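Taking the hints into account, I'd like the entire structure generated from these sequences.
These protein sequences, in sequence, are chains D and A. Residue numbers for the first sequence, in this note's numbering: 1 to 415. Residue numbers for the second sequence, in this note's numbering: 1001 to 1415.
Heads up, a few of these hints could be off.
The following label-pair restraints were derived from C-beta to C-beta distances [said to hold, decoys possible]:
1. A:G1391 to D:K146: 36 to 44 Å
2. A:G1392 to D:E69: 48 to 56 Å
3. A:T1042 to D:D342: 37 to 45 Å
4. D:S394 to A:N1002: 50 to 58 Å
5. A:A1374 to D:K389: 48 to 56 Å
6. A:D1298 to D:E344: 37 to 45 Å
Partner residues aside, some chain D positions facing chain A, computed with beta carbon under 7 Å [unchecked claim]:
7. V55
8. F321
9. Y336
10. P343
Note that these hints are calculated values from the structure, not bench results. Note that the structure is predicted; figures quoted are calculated from it, not measured. The beta-carbon is built from N, C-alpha and C at its ideal position, and this holds for glycine as well.
Listed below are the residues making up each chain.
There are 2 protein chains.
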Amino acid sequence: MNEKIREIKGGVASAGGFAAAGVQAGIKYKNRKDMAMVYSKTPCRVAGTFTTNVVKAACVLWDREIVEESLHGESKVHAVVVNAGIANACTGSQGYDNCAKTARAAADALGIGEKEVLVASTGVIGMQLPVEKLKNGASRLASLLKEGEAAGTQAAQSIMTTDTYAKEAAVEFEIGGKTVTLGGMCKGSGMIHPNMCTMLAFLTTDLAISKELLAEALRENVEETFNMVSVDGDTSTNDTLLLLANGMAGNPEIREKNEEYDCFREALLILNTKLAKMLAGDGEGATALIEVQVDHADTKENARRLAKSVIGSSLTKAAIFGHDANWGRILCALGYAGVAFDPEKIAVSFGGSKETVLIFEDGVAADYSEETAASILSEPEVRILVDMKMGGESACAWGCDLTYDYVKINADYRS
Amino acid sequence: MNEKIREIKGGVASAGGFAAAGVQAGIKYKNRKDMAMVYSKTPCRVAGTFTTNVVKAACVLWDREIVEESLHGESKVHAVVVNAGIANACTGSQGYDNCAKTARAAADALGIGEKEVLVASTGVIGMQLPVEKLKNGASRLASLLKEGEAAGTQAAQSIMTTDTYAKEAAVEFEIGGKTVTLGGMCKGSGMIHPNMCTMLAFLTTDLAISKELLAEALRENVEETFNMVSVDGDTSTNDTLLLLANGMAGNPEIREKNEEYDCFREALLILNTKLAKMLAGDGEGATALIEVQVDHADTKENARRLAKSVIGSSLTKAAIFGHDANWGRILCALGYAGVAFDPEKIAVSFGGSKETVLIFEDGVAADYSEETAASILSEPEVRILVDMKMGGESACAWGCDLTYDYVKINADYRS
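Structure (structure tokens):
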């Protein structure tokens, strides 16, 4: 890790000029907050990536337009408003109107333009948003923000659905003699198999950077972080990742791919790897985070495919839930990844916090102790290490085990 | 259905000249048969399709060579020997030797050549076969067959792993004034997401047909039947489908694509659709068979992709286990199938044994009764009907719900 970059306690409201808040708007949940707002004192440049699902939630359509306009023009954004409980997907033109009304309510309360407000939703597909409740929530959130609330954690709590804890992280680094902060929050749990980004993630920074480089850094980063997470193979209709930069750190604006740009990219990689691992480890019903590290693949694309194939295998996930070193399922998942290789040449190991055990080599089982393997698989973080022995490319993917609770949660999610 | 084709009671030993048997060889299971043999009095033409997994079981390599040689030369086959309990995959050169030894033992016992014996295995990956037990089993099976045993059902029972019942079916049809029989058995349950064919399926017929047309009919058929089944998205290392034809019905050999060839294709479609649905409905832990019918797609390929995407969605499968009409997950799965369409234009319905209910149309939920929908989803066979309103192509896919028992079975499969 670059010595200029430090992990700090914090989240989406840590960077200079940003504030956040959460309230109980009464959208769906009985005893918890379900609506959040993130606000920057000054206008922000924004980069974003969205679901590749053909079926896109109304708010994805809304945000995508704003992000595109901002990239190709001079418009900026000021705030993000998020609700949990209802996804506002498959809701037709009424759904889009409801999204616009939510943005307008937030804009009015904050005294900004409606096209300066990004909107995100998560929850059940097919239901219409209760607009009056959202308007009321937006107004209360704006008041909290005006009172100087900087409650990143509250915001992170308010966007949860089946998440078991609020996910936030932040880093600090020095650029041009100034301290820059980059923080974020995300939520995941089910329907997590992002093709562009995770379900919902919001990042803020006070870095000054050109809009083109902001967009490029995010696009490149997502391939290594959120796009390498899979909980259940279902790519959501709502996947949204937004990165807001307000420039308040006061550094000379980054306009070219220099050392400072690289420092920012590295900080972004650290932050998003941390958030992505939180998402994976808190997948619905999960008891363990699984990390699949593929090394020495012939191409980067193949390394990613192989890692994602193993992380997506239901049988591998169930075996790890059972602490069963059933490595044949890993070989099987590598085999159907769509990548050509010689099974006789690769090696597979299990890695725990204390030791690494070679499981498979030269086409057959290695001489390992089932007891040691089972002990590694009982840890809360399990690493599957695959050595392809073909080239120099690596990739890492994250997921979780498949448990009774995943089935339970999803068999009656709506009730 | 062609009026010339009749479903009959029967299986892999129903066609003229075929016999089958099953024994307890003691490979893995304590109180059940785990080894089967299928034998034809006269040599057979053979067609086969195999897993596309890069990691292939030793027996897949063995069979593929025999099937290829038979297609391009004059060689024929006489028998198939199958074991359950150990897959003989990821077992290196010793695994291949063990496969060859099994074939040789069967060949010696039956008085035929070893390259006339096809071999199939299913079970745990990575363990070596107990060759002495298999040799002993082969010899006992051959004795049973010589005694005139025609126990198709016993054979079907002997190839089961986590299957809950033996799967067999047969049809009869008339060709050239002769009655032709086509029957088969299969096994599935876990690791079922065939790219070429299902885990293990064995078909026999007394039809006389050229080897080229036999291969073509099977290859085409598999795309519509076994390749449209998914239990868990894991494509096995052992998928094998074999079709043996001994010509004993005495019909004039089918050598061109005439009416008689079409009749055979239709009989094959009926048989394999039936077997494929049995596989899907008996997926590990399943409580329901799910059928996804996609109509009016723009291309056949897209119809298949859409149907397979829905049948593979863990969230949809879990919702059906919970009898929850959470149709948003179906829309979501259609959306990430990789097919372009306008979500505002399609329609989705649920179909039960008594009624069909429209759930989604014009981009929003239809006005349906949740009670009626839940009642349909409580039936043992649930149909999801998708009308793409784009063209004239259809496809059907089969799968099952995702249940606690799936997790349970796969969390401790090896123990």
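To see whether the hints hold, each was checked on the structure:
| no. | hint | result |
| --- | --- | --- |
| 1 | A:G1391 to D:K146: 36 to 44 Å | violated, 55 Å |
| 2 | A:G1392 to D:E69: 48 to 56 Å | violated, 40 Å |
| 3 | A:T1042 to D:D342: 37 to 45 Å | holds, 40 Å |
| 4 | D:S394 to A:N1002: 50 to 58 Å | holds, 56 Å |
| 5 | A:A1374 to D:K389: 48 to 56 Å | holds, 53 Å |
| 6 | A:D1298 to D:E344: 37 to 45 Å | holds, 43 Å |
| 7 | V55 | holds, 3 Å |
| 8 | F321 | holds, 5 Å |
| 9 | Y336 | holds, 4 Å |
| 10 | P343 | holds, 5 Å |
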